[in-house]
Every structure is written in C-alpha cells, then in structure tokens.
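Using the sequences and the hints, build the whole thing.
Chains A and B supply the protein sequences, listed in that same order.
Residues 736 to 967 (our numbering) are what the first sequence spells out, left to right.
Residues 214 to 620 (our numbering) are what the second sequence spells out, left to right.
Just to be clear, a hint being listed does not mean it is correct.
[Said to hold, decoys possible] Now the stretches of chain A that chain B is said to cover, found in silico as 3 or more residues with beta-carbon under 8 Å: (1) 778 to 788; (2) 795 to 809; (3) 815 to 822; (4) 828 to 840.
Everything labelled a hint here was simulated from the structure, so no lab data went into it.
The beta carbon of each residue, even a glycine, is placed where N, CA and C say it ideally should be.
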Amino acid sequence: MIRFTDVDYAYRPGEPVLSGATLEIASGLTLLLGPNGCGKSTLLKLAAGVERPDRGLAEIDGCDLWRDEVGARRNLAYVPEQPDLTPYATIRDVLHLVCRLRGEPMESGLKALESAGLEKLSTRSIRELSMGQRRRAVMAAAWIGSPRVILLDEPLESMDRAMRDQILLWIEKVLGNGASVVVATHEIEAFLSKCVRAVTVKGGRCTVSHPLPRKDDERSVLFEALLRGESI
Amino acid sequence: MKAVLLFHLRVGVRLALQSFTPLFSVIVAIIMFQINPAATIAWIARSLFGLPHSTGMLLILAVLAFIFPAWAVSRMTHGLNAWMRHLPISGASTRRGLMLALVVVQVPLAVSLLILLAVAHAQGIDISASFLLDLVLVSTGAAISALPVKNRPASAPLSIAGALFALFGNHWLISIALLLLSDASAGPIRVVQARRPWRESKISISFRIAWRALGWRMITAYALAALPLGCAALFIRNSGLEGPLLAGTARFCGSLSVVLFLSFMSEKLNAQRPVWPWARSLPWSSNRRVLADALSLGLHAAVILIPTALIHVGSAFVVLFFLPLLACMSTAHMRRLRERRSGIAPFLMEGLGLSGLLTLVPWAAVLAPAAALAAYFWAQRLDSRQKVTLWLERRHRAGGDSLSWSA
Chain A
736 MIRFTDVDYA YRPGEPVLSG ATLEIASGLT LLLGPNGCGK STLLKLAAGV ERPDRGLAEI
796 DGCDLWRDEV GARRNLAYVP EQPDLTPYAT IRDVLHLVCR LRGEPMESGL KALESAGLEK
856 LSTRSIRELS MGQRRRAVMA AAWIGSPRVI LLDEPLESMD RAMRDQILLW IEKVLGNGAS
916 VVVATHEIEA FLSKCVRAVT VKGGRCTVSH PLPRKDDERS VLFEALLRGE SI
Chain B
214 MKAVLLFHLR VGVRLALQSF TPLFSVIVAI IMFQINPAAT IAWIARSLFG LPHSTGMLLI
274 LAVLAFIFPA WAVSRMTHGL NAWMRHLPIS GASTRRGLML ALVVVQVPLA VSLLILLAVA
334 HAQGIDISAS FLLDLVLVST GAAISALPVK NRPASAPLSI AGALFALFGN HWLISIALLL
394 LSDASAGPIR VVQARRPWRE SKISISFRIA WRALGWRMIT AYALAALPLG CAALFIRNSG
454 LEGPLLAGTA RFCGSLSVVL FLSFMSEKLN AQRPVWPWAR SLPWSSNRRV LADALSLGLH
514 AAVILIPTAL IHVGSAFVVL FFLPLLACMS TAHMRRLRER RSGIAPFLME GLGLSGLLTL
574 VPWAAVLAPA AALAAYFWAQ RLDSRQKVTL WLERRHRAGG DSLSWSA
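Structure (structure tokens):
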C-alpha cells in the first residue's frame, strides 16, 4: 500500500509539481497516466523515496519513507525511466548490493542477471553498456526477491519483444502474489485488461479513477482522455 | 568553422567561470596571510612586469598557465568522439575549436595579470608590448600541449618548448614557429578507449566505487596535502622552533593538510561519483550513505597524521580529534556542491578557520567529537533533503554522469 498525505513537492521554489496531493494505492495494477511533464515520474520518485516531499507524508506499507528509511524500502522495487546506475560500478556490483540490502542470496541476483540476458556482461562497468542494457540491468534488480510495491516508469520503453513479454509475465506473476504495481506509461494497450485503477496528476493534485469501466474499449477511451490531460 | 569556434568558446567561458572563484579565493587567502598585503601585490606586480623579470615568478606563471588547460581538457573532450562526430566538422576544426576553448579557460589567470598590470603601471613600470605577446604565446602553447591528440608525444614537447622560448628567451619568432609546427604535427583528436572490466573484490561497494571514480586523482590529493606539511618541516628546521611554537606550527599545518586533502577529495568525488538517484529507492538509509562517505574521506585523510606525527606527536593527536569533524563537514558540503558556483570554497574557508582555532586553542579539540556528531546529523539532513533529479548544469561532469556512455 502506497499512501501520500498532503504532499507538496517542487524542484524549484514557486513551481510546484505536487501541491497537497493525497493518495492511496492498494494492491493490483495502477496506471499512472497524463501528458509529458505533468508529474508522473516525480510522483513515482516520491513513492520510491528518491525524492523527499517538501511537506506531507509518503508511506509504504505504513512506514514513512523518511522516518523509517530502511523499513519502508525493504519491499520496494523501482525501475526509473532513465537507468541511472552509478557509472563506476559493474552490473554484478549493483545486483550484489540489491541482494545484500534485500536479504536475498547472491544466487537470486545471478538468476535475475540470466533472465535479463546479461550474464556475459556482468563484469562490465556501467559506462560500457548501452542504454537498453542498462535498462535491463535495472529491471533485473527489480526481479530480485519478492517486492510487494513495484514502481515502473515506462517499463516497456526501448525493450525488445522478448524482454517486453518477460516483463509483462513478471507483472502478472507479482500481481498474482498480491503486490501493488504502479506503472507510468503511454503504452496503455499492454496493461488495459489487467489494471484496476488509473491515477493522473493535474495542477499538482492526484486524481484516482476507480473502479474502472469493465469493457476494454470504454477503458481505452478513458485512458486516452487521461493521457491527453483532459478532465473526466 | 565559425559555429564550431563559437561552440567551443562558450564551453571555455563556462569552465573559466567555474574556476574563477576557487582561484581568486586561493590568491586572496595567500595575499591576506602576508604581513602587508598591499606591499605583496605591488612586489608581485614589480617582479612580473619590471625589468629584469623574476624567473621564479615567470615559472609560477607558466605552471598556472599549464594547469588551467590540463584541468579543463577532460571536461571539454567528453562526447567529442561520440555524437559530435556525425556533424559536418573536420577534425582540424574541432581541434582548433578545442584549442581556442583551452586558451579561453585561462581567462581567470589573464584577469589576475591585468590587475597586476594595472598595479605595475601605477608604480611607473614600463610594460613592453613584446612581453604581453609572450604571455599570449605561453597561453597558446599551454592550450596546445593539453590537447588530447593522436601525435601528442610529438606536438606537446614542441608547444611546451614554444611557450618556454617565449617566456624565458623572448624569442617570439621561434616560439610562433614551434607552435605552428606543433599544431601541424598534432593529428586528430584521440579516440577514448573503452575501459577494462573491473575485477571483483570483497571490499564495500561504496569504497570500491569511490576508488574507481577517483583513480589517480587520489595521488594529487596527497601531493596537495604534502605541501603545508613540507613547508612546516622546512620552517621548523630553518627557524629552530621548539616547545609551544613547534607544536602550534605542526597543528596548523597538519590540520591545513587534512582540510586541503578533504576539499580536493570531496570536490572530485562529487564530480566523478555524483548522487545516485536510483540507489535511494533501495533499503539504504541516508545515515548509511553519509557514514560511508565520511568514513571513506576520514580514513584516507588519516594517512596525513603519520607525517604530522613525525613533526610533532602531540599535535598529530590533536588533529586526530578534529578529523571526524572535518570528514563530516566535507561530507555535508559534498551534498551542497551541485547548487554552488563556488564549489568547495566554503568548506575550505571553514576548515581554514578551524585550523586557526586548533593552532591558537588546542584544548578546543575536546569539543570536536560533539561538533562532529552535529556535523554528521547536518550531513544526514542535507542528504535526505537533496533534490537529486534536479538538473543543475553548472556542476555537471560527464565523467560522473550515470546516463552518459560517451564519457
């Protein structure tokens, strides 16, 4: 469960991205929709504990992300749109770090590496990898352990067909285990039938569309409108 | 060609602005430490522009002229072999544009010289136009010598020789010929080779990443730290200092060495290994990140205590008490570097103040652990409050950019 209470956030003073945002996201697939620059990625960063709210509370499973930093992040997996892995680490370094912090055996890191097709690149430094390979590495890090809150920012972008299928299968699997999966995306077709709610950010406020229409074509119309930033 | 030159000119100006504050801070600090600062400035101007020119002063000038392009070149060449190569620009144009940028980077030095020139003129010293031309040639020679070109083993010595001929020999015709020859022999900008894969090790990932990011720069940090201690050793030996004076000198220079070391390390570490936003989503607290940085900086700085102890054992212990405080302070300042044009200068100033305090009031070391704790919490607060995804161009360095794979 992700909970935002009265969250304010601005990158620069006087230019709020979120202002008094209050939101609750329970288990199931949630789509985060809206036009470019509306604050989708910022919302995910705040939920992932990458950025700290200027005011208000951001909680994961009841733990404040900034009071109980380790506890709140224990079951969290975040895949950013830009795979910002530190350039002086190797893929294996990164996955070992994630295994250690999530209390998982190193084998699960190697398994994730294999699933992402990166086993031969494990000793390469991040600087030697292409953007697609870096995205795979971040995705592999999300596959380690069994996170209950999963935040994915444009997860299908720049992935090949096989990897896309693998990601969608994994999402289906974790949803089956009762996880909360939040996906910020412009590619709604792949998630249309699985999602249970849609969230959009407009004027610094978050709006939740729940329950969603049952029919796929009605959902599609709703999502298209949300993607264009239209009021429902 | 004009567009390329303008592009590199702008890059050069931006980097020159970046180096302005640290350079002037150091110059002002050095001058203010003199008994009569005004007389010192007048003396420097006289030695530089009066006849005969002081060889020592010319040497310092030459060193500074070469340091600026050497510092800036890696920042300027990132990406030149990547996306830029598809643009319709010849290799020679890129090289000349880069050379222009490396000349422009020396603007802070040129401004300092202009101030000294005005001081020399006010003293009634005749400034010869040929000396000014020599300075331009030195600046150009320094820029060419820093260019990462294919035939650098041939072009760099020629440009260095050209610069030295102009400065010391006043043979500007020979100097121009050497610089032209150096430019003609330079060849294309060198392609950056892919790095070798890293080896596995069992040491903490934070330390490993820091070491890889710093690389040989750590040697520069230790060399910088050795300066005050070397000066202290010579001063104590030549002046025959004993007792409290000896201890005070050792304390001041020991702590100053630590401050210089930490400022250099934190500045470099911040540029090469900036905040890693994604890692903040892992169960890794800001406390732990700050502790890892403070430990990494503090343990490396602890090596400086050995030469301090060789000068005066008691003073080394006093500096040891202050070390955690300085390490935590530099860790905190690292968290604010992105937003500052002045870079690490505020830490340098605070550290300088603490060194003074430590020299005059050594028992203040008793309070240092408590202050270290406060500095630690300050750093932790700054870490958690950082807006890590905010793009602040002015402190950006492609080498530490996780999204740059051309660096």
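Outcome, coverage hint (the segment 778 to 788 of chain A, chain B; C-beta under 8 Å; three residues): Check passed, 6 qualifying residues.
Outcome, coverage of the segment 815 to 822 of chain A by chain B - at least 3 residues whose beta-carbon is closer than 8 Å to one in that chain: holds (count 7)
Chain B over the segment 828 to 840 of chain A, status - at least 3 residues with CB closer than 8 Å: It holds, with 6 qualifying residues against the three required.
Proximity test - 8 Å, beta-carbon atoms, the segment 795 to 809 of chain A to chain B, at least three hits: This one holds; 6 residues, not fewer than the three required, reach chain B with a Cβ under 8 Å.
In terms of the numbered hints stated before, the structure departs from none.
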